[in-house]
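J.: Here is how the chains run, residue by residue.
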Amino acid sequence: MPQALHIIVCAGISPDPLQTLEPTTGPTGPGLKNEMVLPAVLDPWAASALYEAAALAAKNPGSKLWLVSLGPKAKLQQVMMTVAQKVPFELVPIDGPIGGFPDAHSTAAVLAETIAALPGLDRSKLLLFGGWESATRGAGVTLQIVGERLGITDQFYGVDQIDLRDDGSFEVLERIEGGRHQVSICTGAPAVLGWATGNLAEPRNNPQIGMSNMRTIMPALQKAKPATLAPNGLRYVSVSLPKQQRTTRVVKDLTPDQIAAELVEWIGAE
Amino acid sequence: MESILVLTHADESGSALTKASLETVTAGMELASRLRAELTIGIVSANATTSQDSLASTGARLLAVSGEVFAQPRYSTDAAACDALCRASAATIVLTPSSSRFARVAAGVAHRLNGLIDTHVTAIGGTDTIEATRWFYRQRVEAVLTRDARPWFLLLDAGTHAAFASAPGKAQVEQVTVELPTIRTTVSGIRAPKLDEQTIRPDAKLLFVTGAGWTKKQPDGQIHVSEAAGLILGFLRHTGASLGSSKSLVDQGGEGNSVLPFLTHLNQVGQTGATPRHPKGLATCCHGEEPHVVGWRFIGERRAISLDPNCGWTRGKADVVYVADAFQVIANVNELLAARVK
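Those protein sequences? They're chains A and B, same order as listed.
Just so we're aligned, residue 1 is where the first sequence starts under the working numbering, counting upward by one.
Just so we're aligned, residue 1 is where the second sequence starts under the working numbering, counting upward by one.
Treat the hints as calculated values from the structure; they're not laboratory data.
Just so you know, not all the hints are guaranteed correct.
[Said to hold, decoys possible] Cross-link-like lysine-lysine pairs, in silico, DSS-like; alpha carbons within 30 Å at most:
id, chain 1, residue 1, chain 2, residue 2
1, A, LYS243, B, LYS205
2, A, LYS252, B, LYS216
3, A, LYS73, A, LYS86
4, A, LYS243, B, LYS280
5, B, LYS216, B, LYS19
6, B, LYS19, A, LYS252
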């Protein structure tokens, strides 16, 4: 039996994975060179969470899906031009700093405060989604703290699958060591699910969904509340690119037999 | 003066601490020695007495949370257990292994204690202060950071320290009482591929990375997916290597293309995959930054087989690049390894 869910997806934005990144230090701390002009995407694991959330909402009529995203308004608008064409959602933008260097605890505080103030949110139906780690800070911290701040003590990370049952309970698969999944049964919402890749492919762009989403996204962006993130005593001693450059031996003149013999020796070498 | 708590947990057998826990014990002992700080070790397990004796020679104060309810990893009970251990120790620095079990709860526990947390720490340094090294932007930018606020939780990545090992002795453990929350989650089991089908082996000496080239047209104009699958599985069987994959190869399944049936997103290395630690790595038929830079950050010796002599991603990243057809080379490698066994 379908159940109406209130699903909130927390998703940041990150530089397109194909971009070359160069750290730099500004008056507010470390950042990336030309960060504001680097092409950005919705954070990859959080994007998986969004697609899974949309699929779950579609299977459960009456459900509602919010996308809560913190970043500079201009960058959010740019990313939404693409994301809005994927699945239907209501954007809750927060106008804040970009990048992985701001403190995760401050980010979590702003997100939790925003979620708690969402009009019409029924916490007994709440599934809080996000990526289990971001592609920027990559700490796996923010969602946990948001959950704690909202009083949710059933949390799951590295999630690849959720199966909702008729009685409101759900089975969830979390990644654990050794390429395995831990299977848990939770009695129902509220819960936090930090997604890994999930099982769904990226939805194709649908201009109709895009137009429908943009009707609410543009006004929401205009009204986005500004947020400043306190550093919480976090100090960066150094931020740098890895210096290690290997001397690569390019072998062009060996036969497959000879290469195989060399590899076998190398594999077997202690 | 700092006081250090190392949080540990039992493995799935319940009879010993995990390797990652013992690595964190080593890190805790090193840090305590450097700072002349008090060291406490906390144990979460169904029955702490089975693992406590392996810590006897640490000389640390041992605290434990025990009971059947702690046999399985679960947010609500693990967070309550870690919270109780932290309060009992009154530690200013809390070190925990970055296991799936503790990574699930550590940030929540830090928040409950009005503390702060940094994760995926690969080194702890500093002279008068504590400085943690970690990576940002998926292993592309390295940073060293510090905090004054306490308690400060540091989650250590596996493989960054040697596992603590000593002759077992008799250790005294103080049991800590936990106020349990309402339990709404039941762990019903582990889902894993059959033993002979498991291709992810974290303790393997070699990581074998496969790229999309394995499923592309070969010189005869045909695709040879089943042959590729046979060669790859044969290589894994002979070497005991762990299998990694580029994103493009794993994604092909979702795009309706021919795929290697044993590959899943769990095999993926790189930006949206794992960054495993192995002493050696061999990349085959890969092109791009994902497998060669991000996925290989913590691989010791690196070699690659590629048809492209000018692949810019391998230059400076791999120690050796063989310009050759991986189908032929791996077939020959498998033959040589099979002959060795005979």
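J.: Work down the list of hints and note, for each, if the structure agrees.
T.: Structure-based check of all given hints:
1. A:LYS243 x B:LYS205: The hint holds at about 25 Å.
2. A:LYS252 x B:LYS216: 22 Å, holds
3. A:LYS73 x A:LYS86: Answer holds: A:LYS73 to A:LYS86 is near 20 Å, not above 30 Å.
4. A:LYS243 x B:LYS280: Between A:LYS243 and B:LYS280 the Cα gap is close to 20 Å, so the pair holds against 30 Å.
5. B:LYS216 x B:LYS19: Violated. B:LYS216 to B:LYS19 sits at ~40 Å, over the 30 Å cutoff.
6. B:LYS19 x A:LYS252: 42 Å, violated
Violated hints for the displayed structure, listed by number in ascending order: 5 and 6.
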